[in-house]
Amino acid sequence: MSVLKVENINVYYGSIHAIKGISFEVNQGEIVTLIGANGAGKSTTLNTISGLLHPATGSIEFFDEVLAKVPPHKIVEKGLAQVPEGRRVFAQMTVQENLEMGAFIQNKQSEIDEDIARVYELFPRLKERMKQTAGTLSGGEQQMLAMGRALMSRPKLLMLDEPSMGLAPILVEQIFDIIADLHKRGATILLVEQNAQMALSIASRGYVMETGKIVTTGTGTELLASEAVRKAYLGG
Amino acid sequence: MVFLNFFISGISLGSIYAIIALGYTMVYGIAKMLNFAHGDVIMVGAYVCFYAVARYNLNPFLGVLIAMIVCTFLGMIVERLAYKPLRQAPSLAVLITAIGMSYFLQNTALLLWSSNPKVFPSIIGRGAFKLFDGRLSVSHITALTIIACIVIMIILSLFISKTKMGKAMRACSEDKGAAQLMGINVNATISLTFAIGSGLAAIAGALLCSAYPTLMPTTGALPGIKAFTAAVFGGIGSIPGAFLGGLMLGVIEIFAKAYISSQLSDAVVFAVLIIVLLVKPAGLLGKLTQEKV
Chain A
599 MSVLKVENIN
609 VYYGSIHAIK
619 GISFEVNQGE
629 IVTLIGANGA
639 GKSTTLNTIS
649 GLLHPATGSI
659 EFFDEVLAKV
669 PPHKIVEKGL
679 AQVPEGRRVF
689 AQMTVQENLE
699 MGAFIQNKQS
709 EIDEDIARVY
719 ELFPRLKERM
729 KQTAGTLSGG
739 EQQMLAMGRA
749 LMSRPKLLML
759 DEPSMGLAPI
769 LVEQIFDIIA
779 DLHKRGATIL
789 LVEQNAQMAL
799 SIASRGYVME
809 TGKIVTTGTG
819 TELLASEAVR
829 KAYLGG
Chain B
2 MVFLNFFISG
12 ISLGSIYAII
22 ALGYTMVYGI
32 AKMLNFAHGD
42 VIMVGAYVCF
52 YAVARYNLNP
62 FLGVLIAMIV
72 CTFLGMIVER
82 LAYKPLRQAP
92 SLAVLITAIG
102 MSYFLQNTAL
112 LLWSSNPKVF
122 PSIIGRGAFK
132 LFDGRLSVSH
142 ITALTIIACI
152 VIMIILSLFI
162 SKTKMGKAMR
172 ACSEDKGAAQ
182 LMGINVNATI
192 SLTFAIGSGL
202 AAIAGALLCS
212 AYPTLMPTTG
222 ALPGIKAFTA
232 AVFGGIGSIP
242 GAFLGGLMLG
252 VIEIFAKAYI
262 SSQLSDAVVF
272 AVLIIVLLVK
282 PAGLLGKLTQ
292 EKV
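Taken in order, these protein sequences are the chains called A and B.
Using my numbering, the final residue of the first sequence is 834, and nothing's skipped along the way.
Using my numbering, the final residue of the second sequence is 294, and nothing's skipped along the way.
It should be emphasised that the hints constitute simulated quantities derived from the structure, not laboratory data.
Cβ atoms here follow ideal geometry from the backbone N, Cα and C, with glycine treated the same way.
It is possible that some hints are incorrect.
[As the list claims (entries may be wrong)] If you want the ones that stay clear, here's a sample from chain A, every Cβ over 10 Å from chain B, calculated:
(1) SER600
(2) LYS667
(3) ALA766
(4) LYS811
[As the list claims (entries may be wrong)] Listed next, the stretches of chain B that the computed footprint assigns to chain A, with coverage defined by at least 3 CB atoms under 8 Å from CB atoms of chain A:
(5) 158 to 171
(6) 174 to 186
Let the hints inform the model, and build the full structure from the sequences given.
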């Protein structure tokens, strides 16, 4: 079943044509990755899906419902959560408060408490630091918090923007283990990454973006084996 | 004892500044703009209260309540009509709009209520508590002002730190984009901030005019500027900063009037502000934040 269907969208930043007619879809239970170099338009694509930017033409459907004109906070209510690039945790609020903000659209306190307990189970490090302000956490911990915060809205599709950015290799592996684990538990994930090797190794399918266009697509294994992708993104 | 009398007057005046400064500082914290029309909302609140009490003989506290309701809506309408369309505009455009809105409110008041000063009836009478065999006299309005300020501070601090909407306001003030990704309606949050600030301005208007009973269309302008100064003094964006800045400004102003010169008191206040900003550019309790690129 199709969760997200992006069809032929064009996005402009003023006069810059950032996304040039791309189409892709994410099906229930998949990890789909968008890979590509810096400036290829990956984050722009996610922000357009989240409603922070608006496509000039084309359509975005989430569970067969068209998302045009739906404001960002309503898109979250429909079950679409984004972990933004650079984590963007609320630095002056505590870990616990950040998670509460993630549950902003939830109204039942008992469910919120359950979800917070589940996030702490998934990320025991966060539990140790629940009363600390998020700004005092390390980069890896902030990434965990940003992911936990997004999970608090009980998303039907989780979009991750460059979760490995700026992290030490050991932490990158840890974050990808967590993503694979979330997938095993049934999450549907759209993953944007520059670290193509890591992303493709856990992805069901992938799309390669270059200057606002999708140039190749295939399963994770196919793309890992592809000569062109190897040359361009995997360092030969 | 005379010193203590001045001190209490200063705290009382400072309490009014603090309540007004809250409106400036909360709006700045969340919308990142200086709402120079805020002082004039005080004036509107005072007029509404004046007419409710002097013309329609309502209970003064009911008058304040009506003024709060009117100002709450006024603040939200001003935000919706004048500032919201400029959300993406350069901050200078917003600033000029705010100054324009300030004059618009003053001139509308001039049209509606004329420039003749009205004598504002104190919302709590003109009585006073006599302490130390009458050597220390604290008027009822002075006591009420200080108590009102403390109660407002406590309620607002609890609201910001404990409630869901309060936390959402803090989230918006840190990062609006991320707040939207949490499902927070940023426009509604900004509107709520204006509503709270303007409602408080109505209380400040009633208290101010009870202590200084001359009410004119320009009544709100100078206290507005001083409260803005208080907000900067304490660290703009910080609620405890507005409280501390307001109280200090009031005390400095009264002391300058009493011990230096009543004509020079405003100059002294601003001189102190400049010195504080030279030493602590972010204000007493403000944090210096690097603008994110």
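Right, here's what the structure says about each hint:
With a closest Cβ-Cβ approach of about 23 Å to chain B, SER600 (chain A) is found to remain outside the 10 Å limit, as its non-interface label requires. Every CB of chain B lies more than 10 Å from the CB of LYS667 (chain A), the least distance being 15 Å, so the non-interface label holds. Every beta carbon of chain B lies more than 10 Å from that of ALA766 (chain A), the smallest distance being close to 23 Å; the non-interface claim holds. A cut-off of 10 Å between C-beta atoms confirms that LYS811 (chain A) is not in contact with chain B; the least separation is 26 Å.
Here's how the segment 158 to 171 of chain B fares: 4 of its residues keep a CB closer than 8 Å to some CB of chain A, so the rule of at least three is met and the hint holds. Coverage of the segment 174 to 186 of chain B by chain A holds. Counting CB-CB distances below 8 Å, 11 residues qualify, and the rule asks for three or more.
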